[in-house]
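Novice: In order, the protein sequence lines correspond to chains X, F and R. Heads up: the first sequence begins at 1 in this note's numbering, then just goes up one per residue. Heads up: the second sequence begins at 1 in this note's numbering, then just goes up one per residue. Heads up: the third sequence begins at 1 in this note's numbering, then just goes up one per residue.
Everything labelled a hint here was simulated from the structure, so no lab data went into it. Errors might be hidden in some of the hints.
[As the list claims (entries may be wrong)] A few chain X positions that, by computed beta-carbon distances, are all more than 12 Å from chain R:
| no. | residue |
| --- | --- |
| 1 | 44 |
| 2 | 96 |
| 3 | 143 |
[Said to hold, decoys possible] Cβ-to-Cβ under 8 Å is the rule here; a few derived chain R residues that face chain F:
| no. | residue |
| --- | --- |
| 4 | 4 |
| 5 | 6 |
| 6 | 51 |
| 7 | 54 |
| 8 | 57 |
| 9 | 71 |
[Said to hold, decoys possible] In silico DSSO-like pairs for lysine-lysine, Cα to Cα no more than 27 Å straight-line:
| no. | chain 1 | residue 1 | chain 2 | residue 2 |
| --- | --- | --- | --- | --- |
| 10 | X | 139 | R | 78 |
| 11 | X | 125 | X | 139 |
| 12 | F | 55 | X | 125 |
Virtual Cβ for every residue (Gly too), placed ideally from N, Cα, C.
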Amino acid sequence: MCWHIVLAVEEMMNDSYVYFIVALLPLAAFMLTIQINPYNALVIRGILGAIAALVYAVLGAADVALTEALVGTMLAITLYAVAVRSSLVMRLGVLEDGLLKAETQAESGDPSAQLIADLRTIANKYHLRLELIPYADPKSLDQALLEKEIHVTCIARSHHDTHDRSLHKSEGRPYSITTRIRRLYDILQTDLSSPTTSLTYVTAPDSGEKH
Amino acid sequence: MINVLSYFCIGLGIVFWFWGTFPMLSKRSILFKLHSLSVADTLGSMSIIFGLLLKIPNEWSLLVLALLSLAVWNTVLGYVLAYCSSSGRNDE
Amino acid sequence: MNLVLIAMILALLIPIYGAWQDDDIWQKMLAFASIATKTSVMILVVSVLRDDWMIGVVGVIILSVGNAGLMLLAQLIKRMNDS
C-alpha cells in the first residue's frame, strides 16, 4: 500500500516539471499584453521568446525551439526595434539660427531651450522621439511642412512676422508652433501650457496620410 | 563518488543562481544588480554544466562548447550592458 | 533531478517578476539576459536528463547565438536613448 503511494508520487513527480514550465508561457504572454511602452514590450517579447524556446525544447520539438530562438526572438525583435524607432518620431522643423542654437547651447534660463525641453517631455510622455531638423529660412520651413517632410514647425516670431501679417492676433506670444497632424495638435493643446506659444493647425494638401 | 560530486556541483550552481538573482528585486543601482547577476549567473551556470559533464561524460563536446560560450559571451554581454546602460543614464 | 529542475524554475520566476514590477528598460534588459541564460541552461539539463543529443545541440546554439541578439538590442536601445 505504502509502496503504491510512493510509486504514484514518483510517477507524478516524474514529469511534473513539464507542467510548471508550460505554465510559464501564458504568464509571460500576459506580461507582454499589459505593456504600454513599445520598447518595454519588445524586451518582454524577448523574454517570451526565451521561455517559448524552453517549452518547445522540453516538449521535444528541438527544431521549433531553434526557429523560435533564432527567428522569433533575435530577428523579429531587431526588425521591430528598427521599425518602432523609425516610426515613433516627431520631426520638428526649426530655423538654423534661432531655436537650434539655443538647443545646442542648452542654457536652462533661455525660453527657447525651455520650450524645446517642454516639447521633448511631451513627446517622451507619448513614447515619441523628438527630432530637430534645421532649415535655412521660414519659406523652406513652410514648404517642408506642406510636403510632409516634417510634422511640426516651431518659429520664433521675430524671424517671420515681416512675412506673415495674418498672425497679428497673437501679440506677445513670441513662439508659434504649426502642425499638420490633428492628433499632435490635440496633444500639444492639452499638454503644452506655455503662455509664450501660439498653436495653429494647418491641413497639408492631399491629406490621405493617416497618423 | 562522481555522482555525489556532480549533484554537489549542480546544487552549488542553483545556490549561486538564487544568490545572484535576489538583488534584482532590491532598490539598488542598476550596475550593482548587473554585477551580481552576471557574476553569479555565469559561475552558477558553469557549475551546473560541469555537474552535468560529470554525470554524462559522453556528451563532453557539447557541454565543453556550452562552457566556453557561456564564459566568453556572458562576460562580453555584461560589459556591453554596463556600457549601454551607464552612457544612456549620463545623457538624460 | 526533478527537484533540480523545479528549483531552476523557481530561480527563473525571480527575474520574470523583476521584469514585471520595474518600469526601467535596463532593468528589463537585465532580466532578459538572466532569463536567456537560465532557459538555455535548463534546456541543457533537460537534454542530459533525457540523454537526448538533439535538444542539447539546440540548447548550446541558443546559448551562444541568443546573447548576440541581446547585445544588438542593447545597442539599439542605447541609440534610441541618446537621440
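Novice: Give a verdict on every hint.
Specialist: Here is what the structure says about each hint:
At roughly 7 Å from the closest C-beta of chain R, the C-beta of residue 44 (chain X) falls inside 12 Å, breaking its exclusion from the interface. Listed as outside the interface, residue 96 (chain X) is consistent with that label: its C-beta sits roughly 19 Å from the nearest C-beta of chain R, beyond the 12 Å cut-off. Here residue 143 (chain X) stays apart from chain R, with its beta-carbon at least about 25 Å from theirs, past the 12 Å limit. Interface restraint check: residue 4 (chain R) against chain F, minimum CB-CB distance 6 Å, threshold 8 Å, status holds.
At its closest, the beta carbon of residue 6 (chain R) sits 10 Å from a beta carbon of chain F; the interface hint therefore is violated under the 8 Å criterion. Checking residue 51 (chain R) against chain F by beta carbon gives a least distance of about 7 Å; that is within 8 Å, so the hint holds. Hint status for residue 54 (chain R) relative to chain F: violated, with the closest Cβ pair at about 11 Å, above 8 Å. This hint holds: residue 57 (chain R) has a C-beta 7 Å from the nearest C-beta of chain F, less than the 8 Å allowed.
Annotation: residue 71 (chain R) was flagged as interfacial toward chain F, and the flag holds, the nearest CB pair being 5 Å apart, inside 8 Å. Annotation: proposed proximity of residue 139 (chain X) to residue 78 (chain R) is violated, straight-line Cα distance about 36 Å (limit 27 Å). Between residue 125 (chain X) and residue 139 (chain X) the alpha-carbon distance is near 31 Å, which puts this suggested pair outside the 27 Å criterion. The straight-line distance between the Cα atoms of residue 55 (chain F) and residue 125 (chain X) is roughly 53 Å, outside the 27 Å bound, and the hint therefore fails.
In the structure shown, a violation is registered for the earlier hints numbered 1, 5, 7, 10, 11 and 12, in ascending order.
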